[in-house]
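Following the hints, position chain L against chain C.
Now for the letters of each chain:
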Amino acid sequence: QVQLVQSGAEVKRPGASVKVSCKASGSIFTDYYFHWARQAPGQGLEWLGRIIIKSGDAGYEQKFEGRVTMTRDTSINTVYMELGSLTPDDTAVYYCARDGGNFDFDYWGQGTLVTVSS
Amino acid sequence: QSALTQPASVSGSPGQSITISCTGTSSDVGGYNYVSWYQQHPGKAPKLMIYDVTNRPPGVSNRFSGSKSGNTASLTISGLQAEDEADYSCSSFTSSTNFVVFGGGTKLTVL
Numbered sequence: 106q107v108q109l110v111q112s113g114a115e116v117k118r119p120g121a122s123v124k125v126s127c128k129a130s131g132s133i134f135t136d137y138y139f140h141w142a143r144q145a146p147g148q149g150l151e152w153l154g155r156i157i158i159k160s161g162d163a164g165y166e167q168k169f170e171g172r173v174t175m176t177r178d179t180s181i182n183t184v185y186m187e188l189g190s191l192t193p194d195d196t197a198v199y200y201c202a203r204d205g206g207n208f209d210f211d212y213w214g215q216g217t218l219v220t221v222s223s
Numbered sequence: 242q243s244a245l246t247q248p249a250s251v252s253g254s255p256g257q258s259i260t261i262s263c264t265g266t267s268s269d270v271g272g273y274n275y276v277s278w279y280q281q282h283p284g285k286a287p288k289l290m291i292y293d294v295t296n297r298p299p300g301v302s303n304r305f306s307g308s309k310s311g312n313t314a315s316l317t318i319s320g321l322q323a324e325d326e327a328d329y330s331c332s333s334f335t336s337s338t339n340f341v342v343f344g345g346g347t348k349l350t351v352l
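Note that the protein sequences, when read in sequence, are chains C and L.
The first sequence maps to residues 106 to 223 in my numbering.
The second sequence maps to residues 242 to 352 in my numbering.
So that you can see chain C by itself, here it is in the shape it has in the complex:
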């Protein structure tokens, strides 16, 4: 059974960075792509980017370019999303999700609340 387990909630000051982890189990980690999305309070989902586990290549939504970095550690089946230069507008629940094949996200992490406040 596939499971994605994310790291815990974070509180950050404006201007800081946050790094969220997502540990996968129950499937062959390197066979998949993983995505990150976020959901601000009361808002819809917003796609941040995607990482190809086998190569480590990452692609990002243009509005986050230069501020987001996605990496992976295949030795521990974990992907990471680091977002820098945080502002209060980055307050959201951040999700990792596995790509089932055609940009359909078949398994999701439980979400990580990131709060940015002075």
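These aren't lab readings, by the way, just hints derived from the structure by calculation.
There could be a bad hint or two in this list.
[Unchecked claim] Some chain L residues well away from chain C (every beta-carbon gap over 10 Å; in silico): (1) Pro248; (2) Ser252; (3) Gly253; (4) Gln257; (5) Thr266; (6) Ser277; (7) Lys288; (8) Ser308; (9) Asn312; (10) Glu326; (11) Ser330; (12) Thr350.
[Said to hold, decoys possible] Derived, one-sided and incomplete: chain C residues facing chain L with beta-carbon distance under 10 Å: (13) Ser130; (14) His140; (15) Ala142; (16) Tyr165; (17) Tyr185; (18) Glu187; (19) Val198; (20) Tyr200; (21) Ala202; (22) Phe208; (23) Trp213; (24) Gly214; (25) Gly216; (26) Val219.
[Stated by the list, open to error] In silico DSSO-like links for lysine-lysine, alpha-carbon gap of 27 Å or less: (27) Lys348(L) / Lys285(L); (28) Lys285(L) / Lys128(C); (29) Lys285(L) / Lys124(C).
Don't be surprised by glycine CBs; every beta carbon is placed ideally from N, CA and C.
Positioned in the frame of chain C, the structure of chain L alone reads:
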């Protein structure tokens, strides 16, 4: 990249059918059969309900179905049940970025 357009809310009574629309452009919904639908209960992670416009993952009720006409995809839920009350979001591959775009989400209320 603009979000796909969904109605903010829809409602229906138990046993009825409802349809949620997801409107994009020829660069996303209209151009590719890579539309997905997600159900999200409050405080929970999204759950994949439909992928590739019409396909249901294992374990998803056949009361949920997907379709597409032109630049608009639709999710239909038949035989509404109280447990269907949730937020529903669509997503699509987009050739504008070669990545993904989400809809704004629709709140379904079961009366």
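In rising order, the numbers of the hints this structure does not comply with: Result: hints 6, 7, 11, 13, 17, 18 and 26 break, sorted rising.
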